[in-house]
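Engineer: Here are the chains, one letter per residue:
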Amino acid sequence: MSAQARVPSTPSPELLARLHGILAQVADPEIPVLSVLDLGLVRHLLFDGDGRLEVGIAPTYSGCPANAVIKADVLRALASAGFDAVAVEVLSPPWSSDWLSEEGRRKLEAFGIAPPAGRGNAPAACPRCRSVRTSRISEFGSTPCKALYRCEACLEPFDYFKCI
Amino acid sequence: MTPQVHYVLRLADTNLVLAQRLGEWVGHAPALEEDLGMANVALDLLGQARLLLAHAGRLEGEGRDEDDLAYLREESEYFNLTLVEQPNGDFGDTVVRQFLFDAWQFGLYEALARSQDATLAAIAAKGLKETAYHLRYSGGWLVRLGDGTPESHARVERSLRELWPFTNELFDDDETDRAVAAEGIGVLPSSILPAWSARVDETLARATLVRPAPARFGWYGKQGRHSEHLGYLLAEMQSLHRAHPGAAW
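These protein sequence lines map, in sequence, to chains A and B.
Each residue of the first sequence is one higher than the last, beginning at 1 in the working numbering.
Each residue of the second sequence is one higher than the last, beginning at 1001 in the working numbering.
Derived from the structure by calculation, the hints contain no laboratory data.
Backbone N, C-alpha and C fix where the C-beta goes; we use that ideal spot for every residue, glycine too.
Misleading hints may appear alongside valid ones.
[To be verified] Here are the computed lysine to aspartate or glutamate pairs in the EDC-like style, where the Cα-Cα straight-line distance is at most 20 angstroms: (1) A:LYS107 with A:GLU30; (2) A:LYS71 with A:GLU54; (3) B:LYS1129 with A:ASP98; (4) A:LYS71 with A:ASP84; (5) A:LYS71 with B:GLU1110; (6) B:LYS1129 with B:GLU1110; (7) A:LYS71 with A:GLU30; (8) B:LYS1129 with A:GLU54; (9) A:LYS71 with A:GLU89.
[To be verified] So, partial list: chain A residues that the calculated Cβ filter (under 10 angstroms) puts toward chain B: (10) TYR61; (11) GLY63; (12) SER92; (13) PRO93; (14) TRP95; (15) SER138; (16) GLU139; (17) ILE164.
Isolated chain B, as found in the complex:
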């Protein structure tokens, strides 16, 4: 697999897995409005994932389409960030995960819109408009919960502490990242850390939350080594296609 295909799959898988997670809220969110919110954010991320998967399939040139890539790869062949496969937890856990992710994806897409890969640049420029909207939503909820009641504050403070260690992987440069960045195709993860930190700190301050202490790095989902949660998610997501190959609505 070329670094470019590996890189595009990382972006696609990260979106696809998070879309699947958010979809789990449908019918279960605390209010109808948030049910709609989760479903709509999931739909945008799924749409971006489809564009990215189709692009990865074309770059790979082995005839795999978006469905083959989404439904017929094993856990170790998924390259999503470990953060997005974490269980939804309570609504506060989901809000914190979404905010940390949205702030990252916003900076990523801003930079990726200048990629030498014209398709990737177009997907990023398009996605940026959607992600900006998501970031306003998740950031708004983080402020409301953090600066809310003692109960909501304590709970999102705990969510932040538990999810923070997963953010290291968002800014870790590995061989694939360095290869695509050198060609002007991809964004070097460490290069978007300063803007992310500033954006996160600004919202945390409004939410009366304190940035947790740096954690030791320990997650490698983007290299195909996942936490225990991804396998269950894929089993559910892929079961229908595997039982009925080529099934269509």
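If we strip away everything but chain A, and leave its shape as in the complex, we get:
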């Protein structure tokens, strides 16, 4: 490969907005109300000298089976919009629940999953009735990113987005 052909360039603001529009439609396979942007998984978008788009994607939990699906879904969405894209895995800085966007936190809560409330902390409130009286059922849940809680006021169980 020649050196000058590999100089990466960032997309123009217009193109970036278009790419974000495409990626905002790529949902997490386990929590479909969240997009890959809400989760903070897209770390960079760069064009190489040949016009190919490189997407830096951070894995969530090291062993989460959704990581492979997310990568495939991102590439499929970009390909169907006419982009020749490749994905690279970005491990550093590591993903954590801190990468969740404010919008993502609101969407989670509206979906019935309590957003992360600080490492080691219980959820701030029941996502259904807003009571602060909650108790933990299990530190682990149906996917690597969730724990199980119960509301002591409305008595409904709910998922809590694990805080790591």
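On the provided structure of chain A, position chain B as indicated by the hints.
Structural biologist: Chain B in isolation, oriented as in the chain A frame:
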């Protein structure tokens, strides 16, 4: 094999073997919540093992990928710590093994996040967040069982006594450890012993358990010499791939 490849394989194998052990609890744990707990911890460790195995394969440069390394190596070519291949026993045995391991891995990853090997540093920094969560889980269970009923206390006390001798190997420095530590790639095992001891003693005190007397060192799993249990574990883990090479879901 270079010391760096040997070192990365030790970390990878330790995670992979423990993930396999924890996976044995699926469908058998005392409660559904602990079934989920075991499976989730196993999944995190398996994910870290895959990153480490892939890295070892690239460093080795002989074209072996993560599956080749996981499924096509013999027992003597596995370099995991002997502690993690020990059978699950009862739930208390598993909790004690997990707690001793998590407390070790937490200190290891903290130090390894500063490795000169950028990939290893990134895997450690990522893994540290997961391990911190595991440590809270296993430590919480150790306190509940140790400070629980006379029966649960007696049983985890016995588990601790039986598993304690395996912890010597976690802090034993050998030639490979010294070589990678000198290059700033790896962590010298003895250097993370003080923090581990303090962390373990603090939780043991809350669990009303007493630290067992030091045992004579006698395990060399990280050099490929294992207890009798690893062979059976590998036979089960590798059988499908060996019968159907390249099988995929």
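Engineer: Please go over all the hints and tell whether each is borne out by the structure.
Structural biologist: Here's how the hints hold up against the structure:
Note on LYS107 (chain A) and GLU30 (chain A): the hinted pairing holds, with a Cα-Cα distance of about 14 angstroms set against a maximum of 20 angstroms. Between LYS71 (chain A) and GLU54 (chain A) the alpha-carbon distance is near 12 angstroms, which keeps this suggested pair within the 20 angstroms criterion. As the CA atoms of LYS1129 (chain B) and ASP98 (chain A) are separated by approximately 11 angstroms, the hinted pair is consistent with the 20 angstroms bound. As the CA atoms of LYS71 (chain A) and ASP84 (chain A) are separated by approximately 14 angstroms, the hinted pair is consistent with the 20 angstroms bound.
For the suggested pair LYS71 (chain A) and GLU1110 (chain B), the alpha carbons sit about 29 angstroms apart, so the restraint of at most 20 angstroms is broken. In summary, the hint linking LYS1129 (chain B) to GLU1110 (chain B) is supported, as the alpha carbons are separated by about 10 angstroms, within the 20 angstroms threshold. The straight-line distance between the Cα atoms of LYS71 (chain A) and GLU30 (chain A) is roughly 14 angstroms, inside the 20 angstroms bound, and the hint therefore holds. Taking the CA atoms of LYS1129 (chain B) and GLU54 (chain A), the gap is near 27 angstroms; set against the 20 angstroms cutoff, the hint is violated.
For the proposed pair LYS71 (chain A) and GLU89 (chain A), the alpha carbon gap of about 9 angstroms is at most 20 angstroms, so the pair holds. At a threshold of 10 angstroms, the smallest CB-CB gap from TYR61 (chain A) to chain B is about 6 angstroms, leaving the interface hint in force. Hint status for GLY63 (chain A): holds, given a least beta-carbon distance of 3 angstroms to chain B, under 10 angstroms. The restraint placing SER92 (chain A) at the interface with chain B holds, with a minimum CB-CB distance near 4 angstroms, inside the 10 angstroms limit.
Interface hint status for PRO93 (chain A): upheld, as the beta-carbon distance to the closest one in chain B is roughly 7 angstroms, under 10 angstroms. Against a cut-off of 10 angstroms between C-beta atoms, the interface hint on TRP95 (chain A) holds, since the closest Cβ of chain B lies about 7 angstroms away. Checking SER138 (chain A) against chain B by beta carbon gives a least distance of about 4 angstroms; that is within 10 angstroms, so the hint holds. Restraint check, GLU139 (chain A) versus chain B: the minimum CB separation of about 5 angstroms is within 10 angstroms; hint holds.
Hint status for ILE164 (chain A) relative to chain B: holds, with the closest Cβ pair at about 4 angstroms, below 10 angstroms.
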